[in-house]
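Chemist: So you can see what is in the structure, the chains are spelled out below.
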Amino acid sequence: MFAEFKHALRRSKGQIFGWGIALFLLVVLLVSLYDSIAAEQEAFQELLSVYPSEVSAFMGDMTSFGTPEGWVSIEFFSYMPVILGILGVTVGSGMLLNDEESGILDLVMAHPVNRTSLFMGRLLAFITTIVSILVIAWTGFIISMTWSTMDIGWGEMWLPLLSLLAVLLLFGALALFLSMILPSRRMASMITGLLLVSSFFITGLAELNDKLETAAKLSPLNYYQAQEAFNDFNGTWFAGLLASALIFTLLAWWRFERRDLRVAGEGGWRLGKLAEILKTKK
Amino acid sequence: MTDYAIEIQGLVKWYGSVQALYGVDLNVRRGEIFGFLGPNGAGKTTTIRCLLDQIRPQEGKIRVLGIDPQINPTAIQARVGYLPGELHLEENLKVEQLLRYLGELRGNKIDKDYLNQLVERLELDTSRKIKNLSSGNKQKVGVVQALMHQPELLLLDEPTSGLDPLMQQEVYRLLKEAQARGATIFFSSHILSEVEAIAERVAIIRKGVIVEEATPSQLTRMSMRQVSVRFLETIDPAPLAETEGIDLLSQSNGIQATLQVEGDMDTLIKTLAQFPVKDIETVSHSLEEIFLKYYRAEDQEEV
Chain A
27 MFAEFKHALR RSKGQIFGWG IALFLLVVLL VSLYDSIAAE QEAFQELLSV YPSEVSAFMG
87 DMTSFGTPEG WVSIEFFSYM PVILGILGVT VGSGMLLNDE ESGILDLVMA HPVNRTSLFM
147 GRLLAFITTI VSILVIAWTG FIISMTWSTM DIGWGEMWLP LLSLLAVLLL FGALALFLSM
207 ILPSRRMASM ITGLLLVSSF FITGLAELND KLETAAKLSP LNYYQAQEAF NDFNGTWFAG
267 LLASALIFTL LAWWRFERRD LRVAGEGGWR LGKLAEILKT KK
Chain B
193 MTDYAIEIQG LVKWYGSVQA LYGVDLNVRR GEIFGFLGPN GAGKTTTIRC LLDQIRPQEG
253 KIRVLGIDPQ INPTAIQARV GYLPGELHLE ENLKVEQLLR YLGELRGNKI DKDYLNQLVE
313 RLELDTSRKI KNLSSGNKQK VGVVQALMHQ PELLLLDEPT SGLDPLMQQE VYRLLKEAQA
373 RGATIFFSSH ILSEVEAIAE RVAIIRKGVI VEEATPSQLT RMSMRQVSVR FLETIDPAPL
433 AETEGIDLLS QSNGIQATLQ VEGDMDTLIK TLAQFPVKDI ETVSHSLEEI FLKYYRAEDQ
493 EEV
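Protein chains in written order, with our numbering: chain A, 27 to 308; chain B, 193 to 495.
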């Protein structure tokens, strides 16, 4: 398992550094801008008071724009689940399917590494990749706060990042599970990406329309905590997201243990018989 | 310990609604070089992948080195070297990085001297990235990784595909050496000269069923021969045509006849003894022709 973990992590270093450095720079920019925003707080509050409620629904409580927590939540954490979610979906769906579709897994699985070890090694590398990117972002906050008046504690800064981590693991695990049951990685990514964006919109729109409240309860992003994490971190929601991620991961593992390794489209959706029946009926 | 490195009984495999194997029965003895022949889509790769538990059959019994692949696949994989028919390698790695990674998957139990020897003999540049290698050089990487841990059993799907004739010869030597060490070699191939040169026994698979299993020389002996006979004077070819095992394909003015003979030549020689024979020319079928006979049989069935 360790050999596979090491190898998978080595392959992810481009993602870690690419995404990590991009987030680091974004965070440094946002924290550096905060002092100017805070200095003009009154003017901003006046401007924000006329912002439509639709903006608040998606970006968070606009009245807290001038506070450190409000600023980082609105400018960073409000949309990160979608931005980093795309990474989670891509990495999750490709964790095994990338190599399977390209035929590499055929050779790897002929080596004495059982399916569980391979799965766990790669899963560990996936989690490490996501955590590393978030650690780099967190480091960006901590470093840039040394020259800013923004004052959020080191531990406190982790709270929304933890919630973000849970969301990313959930969508990554869902993409992984779908990649095990759908015929292609592309389809798994597409469906999970669609669910991610839908979840973002449903959660936001539910703030404006009460009728969407029930749908929002089923939306994973409803349990994501940005600004709320600073004020009152909900451990149950966090655990719920992680538990869902764990369920999808276990289902994906269960499926991977039992399925045929595909080569050039072999053993995809078992709809052949259904297609034959439909053809006969016609 | 069983005498067989590979035992397959009644292997059936479906891909959704498509049946790939219809009850394959095959036994490969320990220490032999076994050639597995068949047209594309006949079930060669499916059979090999079942042996490694990469895919699971719906019916049948498999034992590889006495082990059930579905019960303990890693025990088999540790003792087997595998070269896939369609070899795909991680393009961004250097050859040495890839071989190191695959060695790590084997618990670093690789004899470095032997590995260096393989690399040298196959003239492989390990400092180059996989993506910069020609298909022949990629195939060499495949051969090296299959052999480097000196496995007890080699499962090779088209081992010399893409290699130049000199390298093909080198691979044959490596396989013979592996056999001399006690390894069993099970390989599929389309190169019939290769099968004739190194295989001790051969099985032909067609449409998911083994249609023939014999030594290459037995297969050649079993085949039809074409015999062209010229006579010193005009003869009546009727006795020839009436003899069992002999077919008169054509004749010209009773002075020349083309015959097809099944089995050995004894009957023909005895029948010809009654005629004044000037010349006999025998055309023996090569393994390739025998192989093509099975291919054509498939085409005719489809028609």
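Hints listed in this document are in silico derivations from the structure and should not be mistaken for laboratory results.
Please note that the accuracy of each hint is not assured.
Distance ranges between label pairs, derived from CB positions [said to hold, decoys possible]: (1) M146/A <-> R248/B: 35 to 41 Å; (2) T165/A <-> Q361/B: 56 to 62 Å; (3) E182/A <-> N284/B: 49 to 55 Å; (4) N324/B <-> L59/A: 34 to 40 Å; (5) G40/A <-> V401/B: 45 to 51 Å; (6) V81/A <-> N284/B: 40 to 46 Å; (7) L73/A <-> N324/B: 34 to 40 Å; (8) L52/A <-> Q309/B: 49 to 55 Å.
Glycine included, C-beta positions come from ideal geometry on N, C-alpha and C.
Chemist: Between L52/A and Q309/B, does the beta-carbon spacing fit 49 to 55 Å?
Modeler: holds, 53 Å
Chemist: A range of 34 to 40 Å was offered for this pair. Does it hold for the Cβ distance of N324/B and L59/A?
Modeler: Roughly 46 Å apart at Cβ, these two residues miss the hinted range, so it is violated.
Chemist: Between E182/A and N284/B, does the C-beta distance stay in 49 to 55 Å?
Modeler: violated, 40 Å
Chemist: Note whether the CB distance of G40/A and V401/B lies within 45 to 51 Å or breaks it.
Modeler: holds, 48 Å
Chemist: Quick check: does the Cβ-Cβ distance between V81/A and N284/B fall within 40 to 46 Å?
Modeler: holds, 44 Å
Chemist: Okay, M146/A versus R248/B on CB: inside 35 to 41 Å?
Modeler: Hint violated: Cβ distance 21 Å, outside 35 to 41 Å.
Chemist: Is the distance from the Cβ of L73/A to the Cβ of N324/B consistent with 34 to 40 Å?
Modeler: Violated, since L73/A and N324/B (Cβ atoms, about 57 Å apart) do not stay within the stated range.
Chemist: Lying within 56 to 62 Å: is that true of the beta-carbon distance T165/A to Q361/B?
Modeler: Since the Cβ atoms of T165/A and Q361/B sit about 58 Å apart, the hinted range of 56 to 62 Å holds.
In terms of the numbered hints stated before, the structure departs from hints 1, 3, 4, 7, listed from lowest to highest.
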